[in-house]
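J.: Each chain, letter by letter, is given below.
Protein chains: 2
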Amino acid sequence: MSATPTDLDHVATTAAAAAVSWAATPPRERARALVAAADALDSAAAELIAIAEEETGLTTARLTGELKRTTVQLRMFADIVVDGGYLDVRIDAADPDFVLGPRPDLRRYLVPVGPVLNFAASNFPFAFSVAGGDTASALAAGCSVIVKAHSGHPRLSVRTGEVAAGALEAAGAPAGVLQVVSGQQAGLALLKDERIAAGSFTGSIRVGRMLADIAATRPVPIPFFGELGSVNPAFVTARALAERAEQIADGLVTSVSGSAGQLCTKPGFVFTPRGGALSGLVAERVQAAEHRLLNPSITAGYADRRESILATPGVEVVAGGGLRVDADGQGWATPTVVSVPAATLVAERERLLDEAFGPLTVLVEYDEAESLSELADMLFEGNLTGTVHAGDDEDSPQLRSLIDWIAGHAGRVLFGGWPTGVAVTAAQQHGGPWPATTNDSGTSVGGAAITRFLRPVAYQGVPQRLLPEPLRDDNPWGVPQRRTPAGDSPSWGEAYLSA
Amino acid sequence: MSATPTDLDHVATTAAAAAVSWAATPPRERARALVAAADALDSAAAELIAIAEEETGLTTARLTGELKRTTVQLRMFADIVVDGGYLDVRIDAADPDFVLGPRPDLRRYLVPVGPVLNFAASNFPFAFSVAGGDTASALAAGCSVIVKAHSGHPRLSVRTGEVAAGALEAAGAPAGVLQVVSGQQAGLALLKDERIAAGSFTGSIRVGRMLADIAATRPVPIPFFGELGSVNPAFVTARALAERAEQIADGLVTSVSGSAGQLCTKPGFVFTPRGGALSGLVAERVQAAEHRLLNPSITAGYADRRESILATPGVEVVAGGGLRVDADGQGWATPTVVSVPAATLVAERERLLDEAFGPLTVLVEYDEAESLSELADMLFEGNLTGTVHAGDDEDSPQLRSLIDWIAGHAGRVLFGGWPTGVAVTAAQQHGGPWPATTNDSGTSVGGAAITRFLRPVAYQGVPQRLLPEPLRDDNPWGVPQRRTPAGDSPSWGEAYLSA
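The listed protein sequences correspond, in order, to chains F and S.
The first sequence begins at -17 in my numbering and counts up by one.
The second sequence begins at -17 in my numbering and counts up by one.
Chain F on its own, in the form it takes in the complex:
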């Protein structure tokens, strides 16, 4: 966890050596090591959760669920490694009669990029930190990982690293396959190190952009997957409100209040028909219980945003909430809900639109004549999510335009739910256009997250004995192989031009 140049050089050297042998580790062994890490973290749950609670102020229930999510995530990636579909194996048989002239035997698959530097998040001390999704997906891909620990939970980071790395190595993974460093200078120095092959990050737009720029402008540029800011607009139609206003209010209050709103998918702007029931129902439901904020830095940022929003003309308080700040800068918050006319939000966008990272949401009251997709287009850049609450059988060109707008500006389109609580599954997409992420081709949650840390290599005319296992005809790893046999020229339109 120290950060002298000599230490960092050793960390990078170790990561580079570990990357070579870990990439060459057969899938079942790699998977066993991931499962061993999950088992070890589960076994250490009581100890780890106690440290996390002390360092982050998150509740036991939340941290228990988050650690389970983290270990399930490691086990899911173990399955993905063994399945081998993520390797995208393509095999073209040699074809002397190919339309463009004789074609060689050509076999392509994805290989690990090399050591990955992962900047951990403040708000998920398990699931987006030392043994979280970025680490799990990079390890699954066959990359070694260096985690730059978040300063908000330093002891937990060290201990998680010891438990996870110890289990990985005891299960046969190379020494240094997972390392933890701390300190901004260490993170910056490693991001510039020529041995680092890719970066990942979860945090603010300001820091994420700075790191992405460093990654892109290195002498050898590297891919950088930063998950940054999102205000997650939600849109409630008049029919949805008529059908189930109480259910919508329940869900919204839960989504905004949980983890004191310190979630990147918290709904920040909720469009609701002017004069509708939502604000009253929300006001009834907001609980007065204080929740500790993660740390003084997040407290200060939240206090600024909250004050700026409350001081904006046209903003009305629905549930005032509160923010109490200790002498040491540590904050304690109760949820704040405000409302504002859509026209005011448009006029005051400079003041109102930034993400408020904490338990605050803005109800945006719109008139029937206003187009939700046009409002959205005027107001928002890229987001992780966009949510629609519509009537049960509602359908209209306006509704379809709104869904299309969300799909064009977010990574996930939700209907009838709330964006917090991101399922760890094959089809999850946690990403989105800038500034939701620095690179919207990836996801940091779900099975597809592994693809970020791979690059393609093709083998042409290489004898069977010298091919990597996934490309061999005897397929010793049993991975899916997509084959184009000789003579199997594409139809080139014949099949569907006549249809």
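None of these hints come from the bench; they were simulated from the model.
The beta-carbon is built from N, C-alpha and C at its ideal position, and this holds for glycine as well.
Incorrect hints may have been included.
Said to hold, decoys possible - Between beta-carbon pairs, the in silico distance windows are:
1) 309(S) to -9(F): 36 to 46 Å
2) 170(F) to -11(S): 50 to 60 Å
3) 447(F) to 259(S): 18 to 28 Å
4) 170(S) to 312(F): 48 to 58 Å
5) 279(F) to 170(S): 38 to 48 Å
6) 157(F) to 307(S): 33 to 43 Å
7) 350(S) to 176(F): 26 to 36 Å
8) -8(F) to 456(S): 49 to 59 Å
9) 302(S) to 468(F): 40 to 50 Å
10) 286(S) to 202(F): 17 to 27 Å
11) 455(F) to 374(S): 28 to 38 Å
12) 310(F) to 328(S): 58 to 68 Å
13) 373(S) to 176(F): 51 to 61 Å
14) 468(F) to 307(S): 22 to 32 Å
Starting from the known structure of chain F, fit chain S onto it as the hints suggest.
T.: For chain S alone, coordinates are given in the frame of chain F:
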């Protein structure tokens, strides 16, 4: 083809509008339009090839093959669009009993990123230009395309654009789905335009790096796929030379001479055992016929590199070749082959290692005691390809190390062939670590090229009637759908931990 700010604004506006309707065009219609463009280009072959010959000096045979490759490429992508596997559709059924709590219905696929700006290449007036691989893959993905024409073949670019865009639009594609602009300033202005969603490029390291830096440091960064420089090292073992020296010499001379060596996959450094037969056999085979170089700028660059190499102490001429330069700077070249001891190449790497874009190759003579993988590691950065010529049943730790080194530093590993002549097939990989490309997750040739211009979107809990076609249960487009049913929890190690 003009480039005033007003014109460029119109081009970008048109591309943005076309992107919306092209993305919404059903796959069979999109495929039909691609096939129509291929048909139109094939019909205009005589006219196009005549212009290309005049503007580039490439031979009729080469240009005929290149145009065919270009239209086959469009047809291949038409098939890929109809197949729909590239959409990577994943469907997780809702599952109330999921291990991490109730899981919503979640469906993910890939959508087009939006307008793509493609900087065309000098050396492939068809296959990497207006209707080339970058354009074909971006159109197939559902993106509109603006091509910044290469100044080396301006009339061909205009005419190809007219033929291809005309056919696309006559087949129902939106107006402006494919546009052509010219001039460096136009290219730079569009790359900075907020409506452009991705860039592609084939050309020099210097220009590619400049463009990649612009793309990365825009207020909204965009992905940029540049294919830049490559010296394509090849390695001939003593056993290979003993078994088939003449065949190796034949192939090498053909690969270096074709298209006057102006190919990004031309083998630039060929390692061969010291005192072996290769240089003598190559000297016998090199033809004295002159080939025009593409343009004065490439002539000047080639002249510089060639003179620098010939003037380096320790470099011996195997086949002197020549370079004749007209008064207007246009060059005419015959192949130049030199040899140098491996130790000299290491010592003079600063002078010798840059790509010589023209008909020149360096035979690198190594001693039996020298390790090819260690030499390669000392000398080379990322490459598009690396080639091995080994004996028929040759196998050794050294040979395996060499193959591993190539796989770690190149996009394609070849055995017993030569890297020029890149097959357009499903398993092709034309890319590689920096400086071969700016982004080694992509390929600019082959079926996987489409993936560069897509981004994922997930739909959560969205009713069937409002889902995009590929995600619906009735699957009207008949695309592959990977499903995770409810209750089908991953094995999480049970299956292989006991094995």
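J.: Work down the list of hints and note, for each, if the structure agrees.
T.: Quick rundown of the hints versus the structure:
1. 309(S) to -9(F): 36 to 46 Å: violated, 56 Å
2. 170(F) to -11(S): 50 to 60 Å: This hint is violated: roughly 43 Å between Cβ atoms.
3. 447(F) to 259(S): 18 to 28 Å: Cβ of residue 447(F) to Cβ of residue 259(S): about 27 Å, so the range 18 to 28 Å holds.
4. 170(S) to 312(F): 48 to 58 Å: Because 49 Å falls inside the window, the suggested range holds.
5. 279(F) to 170(S): 38 to 48 Å: About 39 Å separates the Cβ atoms of residue 279(F) and residue 170(S), which means 38 to 48 Å holds.
6. 157(F) to 307(S): 33 to 43 Å: At roughly 58 Å between Cβ atoms, residue 307(S) and residue 157(F) fall outside 33 to 43 Å, so the hint is violated.
7. 350(S) to 176(F): 26 to 36 Å: holds, 32 Å
8. -8(F) to 456(S): 49 to 59 Å: At 58 Å between Cβs, range holds.
9. 302(S) to 468(F): 40 to 50 Å: Because 42 Å falls inside the window, the suggested range holds.
10. 286(S) to 202(F): 17 to 27 Å: holds, 25 Å
11. 455(F) to 374(S): 28 to 38 Å: violated, 18 Å
12. 310(F) to 328(S): 58 to 68 Å: holds, 59 Å
13. 373(S) to 176(F): 51 to 61 Å: At roughly 35 Å between Cβ atoms, residue 176(F) and residue 373(S) fall outside 51 to 61 Å, so the hint is violated.
14. 468(F) to 307(S): 22 to 32 Å: violated, 46 Å
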